[in-house]
Amino acid sequence: YGATHFIIGRDMAGTKSTITGDDFYGAYDAQETGKKHSAELGVTVTHYENMVYVGEDVGYVEESEAKKAGKKVVKLSGTEFRRRLRAGEDIPEWFAFK
84 YGATHFIIGR
94 DMAGTKSTIT
104 GDDFYGAYDA
114 QETGKKHSAE
124 LGVTVTHYEN
134 MVYVGEDVGY
144 VEESEAKKAG
154 KKVVKLSGTE
164 FRRRLRAGED
174 IPEWFAFK
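When you line the sequence shown up against my numbering, it's residues 84 to 181, in that order.
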């Protein structure tokens with residue numbers, strides 16, 4: 084009657100200090116906490132790494148795979164995406180469909 088798997092993405096615990104702007108938690112701390120308590124919760128926590136764009140020929144791959152292959156990585160952070168939306172600036176086609 085319930086979920087058997089739980090996907091926890093990168094930076095799901097991404098809370099920042101209102102004073103310094105620093106992250107309270109690391110990018111993968113939520114995943115690690117979920118894995119630590121998965122038996123208690125009765126679910127399997129599924130690994131989900133940061134995805135990055137490496138060009139039209141390949142598209143998106145896990146960041147660690149791109150680094151291993153020496154691929155040039157293109158990123159657009161959520162913060163930058165929201166800033167561009169608010170400013171009415173263009174969003175790269177590789178990042179979002181028109």
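Check before you lean on any hint, since a few could be wrong.
Under the rule of at most 30 Å between Cα atoms (straight-line distance), these lysine-lysine pairs were calculated in the BS3-like manner [as the list claims (entries may be wrong)]:
| no. | residue 1 | residue 2 |
| --- | --- | --- |
| 1 | 155 | 119 |
| 2 | 118 | 150 |
| 3 | 150 | 119 |
| 4 | 151 | 119 |
| 5 | 151 | 118 |
Just so you know, these hints were derived from the structure itself, not from any lab.
Each hint, compared with the structure:
Annotation: proposed proximity of residue 155 to residue 119 is violated, straight-line Cα distance about 34 Å (limit 30 Å). In summary, the hint linking residue 118 to residue 150 is supported, as the alpha carbons are separated by about 25 Å, within the 30 Å threshold. Taking the CA atoms of residue 150 and residue 119, the gap is about 27 Å. The hint holds against a cut of 30 Å. Only pairs whose Cα atoms come within 30 Å are accepted, and residue 151 paired with residue 119 is accepted, the gap being roughly 28 Å.
Under the criterion of a C-alpha separation no larger than 30 Å, the hint pairing residue 151 with residue 118 is consistent with the structure, at around 25 Å.
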